[in-house]
Each structure stands twice: as C-alpha cells, then as structure tokens.
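Student: Take a look at the letters that make up each chain.
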Amino acid sequence: MSIRVRVNGVEQELDVDPEMPLLWALRDVLGLTGTKYGCGQALCGACSVHLDGQVVRACVTPIRRADGREVTTIEGLSPDGGHPLQRAWVELGVPQCGFCQSGQLMCAAALLAKKPQPTDADIDQSLAGNLCRCGTYTRIRAAVKKAAGVPDSK
Amino acid sequence: MSQQPVVFTRRSFLEGLNLSVGGLALGLVPTVSAEAAAPGVGAKSAPELRPNVFVHVAADGLVTIVCHRSEMGQGIRSSMPVVIADELGADMARVKVVQAVGDAVYGDQNTDGSSSIRGVFQALRRTGATARTMLVAAAAKRWKVKPEQCEARDHAVYLRGSERSLGFGELVADAVKLPVPKPEAVQLRPLSELRRVGTELPLLDGPAYVTGKAVYGADVKLPGMLIAVVARPPVVGGKVTRFDATRALAIPGVKQVLELPTPQRPYLFQGWGGVAVLAENTWAAMRGREALDITWENGPNVSYDSEKYREALLESVRAPGKPARSVGDVDKALASAARVVEAEYYAPHLSHAPMEPPVALARVEGGVCEVWAPTQHPQAARSEAAKMAGLPEDKVTVNVTLLGGGFGRKSKADFVAEAVFLAKAAGVPVRVQWTREDDIRHDYYHSASAQRLSAGLDAKGKPTAWLHRTAFPAIRSTFSEDVTGPVARDLNQGVLDLALDIPNVRAEMGEALAKVRIGWLRSVNNIFHGFAVGSFMDELAHARGVDPRDNLLEVIGPARHVSVAELGVTALPNYGAPVENHPVDAGRLRGVIERVTELSGWSERAKNGRTLGLAAHRSFLSYVGVVVSVKKDAVGKARVDEAWVVVDAGLVVNPDRVRSQMEGSVIFGMSLAMYGSITMKDGATEQSNFRDYRLVRIVDAPRAIHVDIVRSEAAPGGVGEPGVPPVAPAIVNAIFALTGTRVRELPIIRTVPV
Numbered sequence: 001m002s003i004r005v006r007v008n009g010v011e012q013e014l015d016v017d018p019e020m021p022l023l024w025a026l027r028d029v030l031g032l033t034g035t036k037y038g039c040g041q042a043l044c045g046a047c048s049v050h051l052d053g054q055v056v057r058a059c060v061t062p063i064r065r066a067d068g069r070e071v072t073t074i075e076g077l078s079p080d081g082g083h084p085l086q087r088a089w090v091e092l093g094v095p096q097c098g099f100c101q102s103g104q105l106m107c108a109a110a111l112l113a114k115k116p117q118p119t120d121a122d123i124d125q126s127l128a129g130n131l132c133r134c135g136t137y138t139r140i141r142a143a144v145k146k147a148a149g150v151p152d153s154k
Numbered sequence: 001m002s003q004q005p006v007v008f009t010r011r012s013f014l015e016g017l018n019l020s021v022g023g024l025a026l027g028l029v030p031t032v033s034a035e036a037a038a039p040g041v042g043a044k045s046a047p048e049l050r051p052n053v054f055v056h057v058a059a060d061g062l063v064t065i066v067c068h069r070s071e072m073g074q075g076i077r078s079s080m081p082v083v084i085a086d087e088l089g090a091d092m093a094r095v096k097v098v099q100a101v102g103d104a105v106y107g108d109q110n111t112d113g114s115s116s117i118r119g120v121f122q123a124l125r126r127t128g129a130t131a132r133t134m135l136v137a138a139a140a141k142r143w144k145v146k147p148e149q150c151e152a153r154d155h156a157v158y159l160r161g162s163e164r165s166l167g168f169g170e171l172v173a174d175a176v177k178l179p180v181p182k183p184e185a186v187q188l189r190p191l192s193e194l195r196r197v198g199t200e201l202p203l204l205d206g207p208a209y210v211t212g213k214a215v216y217g218a219d220v221k222l223p224g225m226l227i228a229v230v231a232r233p234p235v236v237g238g239k240v241t242r243f244d245a246t247r248a249l250a251i252p253g254v255k256q257v258l259e260l261p262t263p264q265r266p267y268l269f270q271g272w273g274g275v276a277v278l279a280e281n282t283w284a285a286m287r288g289r290e291a292l293d294i295t296w297e298n299g300p301n302v303s304y305d306s307e308k309y310r311e312a313l314l315e316s317v318r319a320p321g322k323p324a325r326s327v328g329d330v331d332k333a334l335a336s337a338a339r340v341v342e343a344e345y346y347a348p349h350l351s352h353a354p355m356e357p358p359v360a361l362a363r364v365e366g367g368v369c370e371v372w373a374p375t376q377h378p379q380a381a382r383s384e385a386a387k388m389a390g391l392p393e394d395k396v397t398v399n400v401t402l403l404g405g406g407f408g409r410k411s412k413a414d415f416v417a418e419a420v421f422l423a424k425a426a427g428v429p430v431r432v433q434w435t436r437e438d439d440i441r442h443d444y445y446h447s448a449s450a451q452r453l454s455a456g457l458d459a460k461g462k463p464t465a466w467l468h469r470t471a472f473p474a475i476r477s478t479f480s481e482d483v484t485g486p487v488a489r490d491l492n493q494g495v496l497d498l499a500l501d502i503p504n505v506r507a508e509m510g511e512a513l514a515k516v517r518i519g520w521l522r523s524v525n526n527i528f529h530g531f532a533v534g535s536f537m538d539e540l541a542h543a544r545g546v547d548p549r550d551n552l553l554e555v556i557g558p559a560r561h562v563s564v565a566e567l568g569v570t571a572l573p574n575y576g577a578p579v580e581n582h583p584v585d586a587g588r589l590r591g592v593i594e595r596v597t598e599l600s601g602w603s604e605r606a607k608n609g610r611t612l613g614l615a616a617h618r619s620f621l622s623y624v625g626v627v628v629s630v631k632k633d634a635v636g637k638a639r640v641d642e643a644w645v646v647v648d649a650g651l652v653v654n655p656d657r658v659r660s661q662m663e664g665s666v667i668f669g670m671s672l673a674m675y676g677s678i679t680m681k682d683g684a685t686e687q688s689n690f691r692d693y694r695l696v697r698i699v700d701a702p703r704a705i706h707v708d709i710v711r712s713e714a715a716p717g718g719v720g721e722p723g724v725p726p727v728a729p730a731i732v733n734a735i736f737a738l739t740g741t742r743v744r745e746l747p748i749i750r751t752v753p754v
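Here the protein sequences line up with chains A and B, keeping their order. Start counting the first sequence at 1; every next residue gets the next number (full-length UniProt numbering). Start counting the second sequence at 1; every next residue gets the next number (full-length UniProt numbering).
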C-alpha cells in the first residue's frame, strides 16, 4: 500500500507496511533521524512529532494514520534552528545528553501554538509525557517561558 | 530541508579529523615522539599526521582538538577542549573539536568515575602548553629574540613591546621542525591566565541538539545495512535449546535469523546470547522477533528471587562481617554505652535506563572491522569487537557517537560485541537495536544492598561508637567467578572515607553472591552508603534531640584532613587519587553543609512552615550538601518542592555544566529514591518499560533547584556523580520531618505515598 504524506513541507510517497509506526517510517525510510526511539509504547515522548499540528507519539502511530496529512518533525520546526524555543533552549543550556530534546521541543511548540502565554502548570501538563533521564526539567520550564516572553518567577 | 541519513565512511571520518593537510600534532604524552607512539588505525605516512594526538595546528591556522572522552550529557565536549585552547592561547572560534576513536594512545578513555576533568586536567594543560611552547619557539627563532620576549594569545604569537605578531598558522611550518620540548621545559600558565576556564561557556553541541542534527548511535547508516533485534534468554546465563525461525522469516523485510553465542561465566562484556532477527528496517526486525518460536533453558540463576535475596542480605548484616575499617574498640564501647541507636536499611537493584537504549553498528569486511556506537568505553568496545571479529585490535576502529545518556550502562561493551558478531556472521553491516524492554530486562544492574548501622551514646548523649555493616553483590562478580561479596576497596565509596569524630569506629562487610550481572550506575556504591549514612545521621540527631545540622557537624568533627590512621584503614583507594592531593577533608564537607543550610534558610525553616531534609556526602573527591523542601500535595503525596545543592568540586572548568549536573543529580536521585526498583522473580526481571520502571517526570520535578558552586583552586574533583548520593537521604529526612515516618527502604513509595 502506498502512503502519501507531507513531511516538513515535502510531499512523500511511501511504499511500506501501513501498520509500520510513523517513527520507523521517518527514521528508517525517510532518514529523518531527529525523532528518537525511547520506549515504543508512548511512555517517554522522545518520538513526539506533529500530525496536522497536534502532538502524536510516532512510536505508536501507524503510518496509515498519516496518509494524506501533514507531519512536522524537529527537522521541520524551523528552517534554521531559529524557532524561539530552539533559541531559548540553546541560550539557557537546556540539553544535557540531548536525546529527549526533540520530543520536548515538539511538545513545547504545540503548547505555545495553542497557548502563547503558558503557566507552569500548563507547561508541566503539556510535557508530562516527556521523560528526561538527565533531569533538565527545571531548565525546560524556564526556556519555554523565555521563548514565550513570560517572566520566570523563580 | 529534510536531513539525509548520515553515511559514514572511514575516509570521511579521517577528513573530519582534518589530519590530511599537514601540521603540528601532539599527543597527551609529549615526550613520546610521534614515531615511537603506537600506530592508530588509519595512520598516514607522515608522523605528525597520526591520529594519536590531542592538538593539531594546521597551516591555515585551524586548531583541531581531539576530545577523547565520550559526551553523554556532562558537557565534556564543551569543557575539555577549552582547557587545551586556553593553555595554547587559541581563539575558540578557530578551534574544531573532533571525537577520538577508541585507541590506547589517548590514555584511559573510559568515561566513568567522574574522572574526565579531575583525571587529566593537568595533562591536558601540558598538551596545550607544549604546543604553545613550540609555536613561541618558532616565532622567537624567526624574530631572533628569546622566547621569554614572546607571548601566545588570540591565536597568534606576539613580540612584547612591539607591533609584531605571527598567527599560529604562519608558525606551523617552522614549529614542526623543532623537537618536542621535555616536560620540564614546558611552563603552564598561571591559572589567572586561563581566560575561559571557570567562565560561562557555550554548549558546543547545543545547536545540533535542538535541530535534530546531533548524531547518536542509531543515527548512523551504512549502505546495505540490516537492523537486528535480539530475543535474549529471560535469565542471565540461560541458553537457547531450540528455535524455529519460519514465521519470522515470512515477515516482509526480514532477511536473516541468527543465533548468538551463549555467554560463559564470568559474564564480562559478552552478549546475553539468544536469537537475532535481521531485517531491512527496525519495525520488521521487531515483528520478526515476536514471531520467533524459541525454547529456553534458564540455567542456574533461575532461582533468583528478590524478596528472598533481600532477607538474605539483611541476615548477612545482622551477623558480624569481615572488618574493613576499625579504630578503637567498638564492641566494648557499644556494650558500655548508655544508649544504642540502631537501624537497618535496604535498597534494591536499579537499571540505568538511559533515554537512548543500547545500540551499535558494525561492519566487518576486507580484514577490518569498524564500529559506530554510543560507548562510554571505546577501548573496551574495540577489544570486544576484535575478539568477535577475530581480528587484531589494530584492524578495528571504534567511532564514538554522541550518547543519549550513559550513567555507566554504556561502559559495558556487550552491545558492541553483539553487533560485531552479527555483522561478521551476516556478511553485511548490522545495527543492533535494543528495545526499552531489552534495556530494562538485560542490564548490568546496580547492586541491591542491606546495611545495619549502630551508634553508642554516652550518658550525655555524645556518640562513642559507630558500627556500619554493609552487604551487596560486588561489581567484581561480573568480571571474576570467585567473588562472594564486597572487599574493603568496595567500601571506599562512602564508608571508608567518612569523617567521624567518634573514638570507636568499625565497618564490616557481609557476603552476597551475585545472581545477575552487576554494573556501576551513576555514583555506584555511594548511592546506598550515602542513603544509609545520611539517614542514620538524621536518626541520631532525633535520638539525641539535636538539630540535624548541628548533629552532622558534631559527628563529622572539626575541620581537618582525616588521616588514614584516623579513618582506621590500611589504605584508601580514594578514587585512584593520592590522598596528599585529595585528602578526606572534613573542613570541605562542613563547608558545603554550612553553606547549603544557610542558603535554604535551615534555621528558620519552622517559621516558614516548611519541612527540610539535609544530607551531605563526599564522593569522587568532591563534596556535596543537599537540602530539600518536601510538601504534601492535594492527594496526600509527599513531593519535593524545592532543592538546594552546594558543591565543592575544587577548581571548576565549566560552571554551567557543573550546575546542570547538579540539577540533573537531584532529578536522578529523586527517581531512584522515590520510585526506582528492579526486582527478580524466577531469575527474570519483573520490570520492562517506563510503565513499571518509573522515573521522575516534569510534573514531579521541584519548582526550583538552586545550585551554588564553592569557589576553589583545589585540584578538580568529580562532577557527574557526586550530586546523586545526598539526594535520597535528604528526601527521607525531610519526609520524617513532615510525617514522622522513617523510611529505611528504597524506593520510598513502598513506605510513603510519593
């Protein structure tokens, strides 16, 4: 079965098992390796991408669900790494190992698109599904607020 | 816009090292001439072009600095090159950092033990200083002046008192003709001249991390590569008795099914054995594994049961063990004490669970083997790869990718061994991809442990005796068959090096046979020793009716360098460092306690309606004090609301990465304290993914983590691990203050809702 999906603005036609999770279609077929495998069960958020602007966990999303739709990955978040979240992440030194950060950024970007002035509770709720074993959570909160122009009250 | 898969070839990697254009190259041991040094893989004919180098100055002025330690989130790639560049006088804008392959010419590359900066700070400075000395000598010769009249800065050599200068690149052709100066002829700069060391440094890989361009273990692709997913025996030491691959091979994309060798004891860095499904993509390989029909023989470890083992460990510390530390007469002092305070502590196995599960890519063809892996220990990976490929090590190249977390897991080369075995057997490049379930079930686990502490108090409540018994399966059991429990050096971490102002002290070790592969996990035995000692100090304070901070300071005693004799040991392993350079410094331990209680408002804690817990610990030659504030949330769960960390790690190269390591240590310490537990039933791990191996999430994270770094010019201590040990005891101490419940077993969630 052929799947037609627009990935980061580029039309793609994929001849793959329609049950193949979007994660592996992105990584193994399209070579978009910025989206990470961490658990395979939607427990860690490392594979988070946008499907028509909504966050999905690519590891449990069959590619057939993306047919005829628009997928945005970390590679497509901005043309040059200049998304306010990406800039804030670098300025505040958020990443440690960096592995979970694609997923963190995609979830944070979806939050800001919906709610440009998030509270701490909004941030925690939106990123509750994204594990970071290095423990960058306090900086993630600060960076989301910096990108949103919300004062950090710490 | 879309990023193409990363395809590496050896040629492109060498070009990445930029060693094909000529220049001045220096190894870590500058007295060894390039000719005499061991040849690395890919060595070129001209001696200065060999990759056994740390600093390379090209004729165009580009300085290449090799980072020989693995980047796993500690920021070493942002820190270590700066030390060399500062000594050299290089402009970081014209410095390129490249990652070393695994090769003994770099010295020890095992990125563990919080050892990178503390271990080679001076050696790296000498490497940069040697390059500077040669460039200055070349300039002096050109100008016919004395080297003392010249100075190197801003990527050039300047003649003092004149307008004259020569760029580093312009000096290379002359500098390569000079002999490498002897160490005594190389002068380090005064610390004040190291311009960037100790300042706010940029995160080298920051832009790559946030754009998805950073290359981790699973992001390297080779033409014709297959992905392998392995069905491993449920019990370590088990084996395949028979398997049927028919259904697996029928799945589209599945190409081969291969059996892996069964490991022999001791397990070392061998794979677990099992059956591998090799496919064109990861999904097909995963489905192929599910379709395998395998019969296992479980082997001798099938009897392992965590509940029974826990009881056995506790029994072990209820009886006298082998002494590891002794001063005075503890038995007599306990017998004559007015009061004895006693407590037992238990902590379970833990899994590392780095966000990136183990993964490795190998190619074995044409008499050479090449590996790409997120390894903390590239030389061990090289050695295992050579064994599996049946090749000498000089025919093996191990390329180190970024690590999506390590925490000790990726010091073990088992996953590399699997990849090389399969690549050789399959005849094509193979990437072994571990699933999260594989990672949790087949780890080198952190030791389960039991401890019993007893303190004797005199009639006035002053401590007169301290007895600490500890039992845990030792890491050495993974490497040797005849290990029946810890030996004295295993108690280095938090038992032998504990400063106590008590006249009678003894530490004893109980037996504990390992039934799983035991490995080191971030801060290692300090986790449970720090938990027990930090908790018991607080118990002692409450038993004595003394403020926990005042009690802690009193029991540690006055500021002093605690001698080996006072500690009651014959030798102190001291993390491989001489005690003269890194004494057991009670003053520094007191310092972090005093500072962290000051910053957290300890003495006014009741006034603010807060409950605070305090603990402090020396590990990896650094001193860390932690205070946490714990509150009950709306549903009655105890949560860590705020944390303060004071770290004295001696001289600090990269303060921002020290802060981030301390912040991360609080979260890592919270995970293991509140939720972390790996248990075995019938020899198999009961947990499998983040559903049942729970980690702290952003919703659990403290509102704020305040980190304060003690300004110091003392020899650098470790940073990656020392923040972890005081976190668990600080939390249980705060929970006691909040609820009156004393938690003596980890994870806390077994006793108190968190």
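Be aware that one or more of the hints could be misleading.
[Claimed, not checked] Listed below are the simulated DSS-like cross-link pairs for lysine-lysine, each with C-alpha atoms no more than 30 angstroms apart in a straight line: (1) B/Lys332 with B/Lys387; (2) B/Lys141 with B/Lys255; (3) B/Lys213 with A/Lys114; (4) B/Lys96 with B/Lys141; (5) B/Lys177 with B/Lys221; (6) B/Lys395 with A/Lys146; (7) B/Lys177 with B/Lys96; (8) A/Lys115 with B/Lys213; (9) B/Lys607 with B/Lys462; (10) B/Lys177 with A/Lys146; (11) B/Lys387 with B/Lys239; (12) B/Lys96 with B/Lys462.
[As the list claims (entries may be wrong)] Here are some chain B residues pointing at chain A (derived, C-beta under 8 angstroms): (13) Lys213; (14) Asp501; (15) Pro503.
[What the hints assert, rightly or not] Okay, the calculated bits of chain B under chain A, using three or more residues with CB under 8 angstroms as the criterion: (16) 119-131; (17) 377-390.
Rather than coming from a laboratory, the hints here were simulated on the basis of the structure. Just so we're clear, the structure is a prediction, and the values are computed from it rather than from any experiment. Ideal Cβ placement from N, Cα and C applies to all residues, glycine included.
Student: May I ask which of the numbered hints given earlier this structure violates, with the numbers listed in increasing order?
Tutor: Of the numbered hints given earlier, those the structure breaks are 1, 2, 5, 6, 10, 12, 14, 15, 16, 17, listed in rising order.
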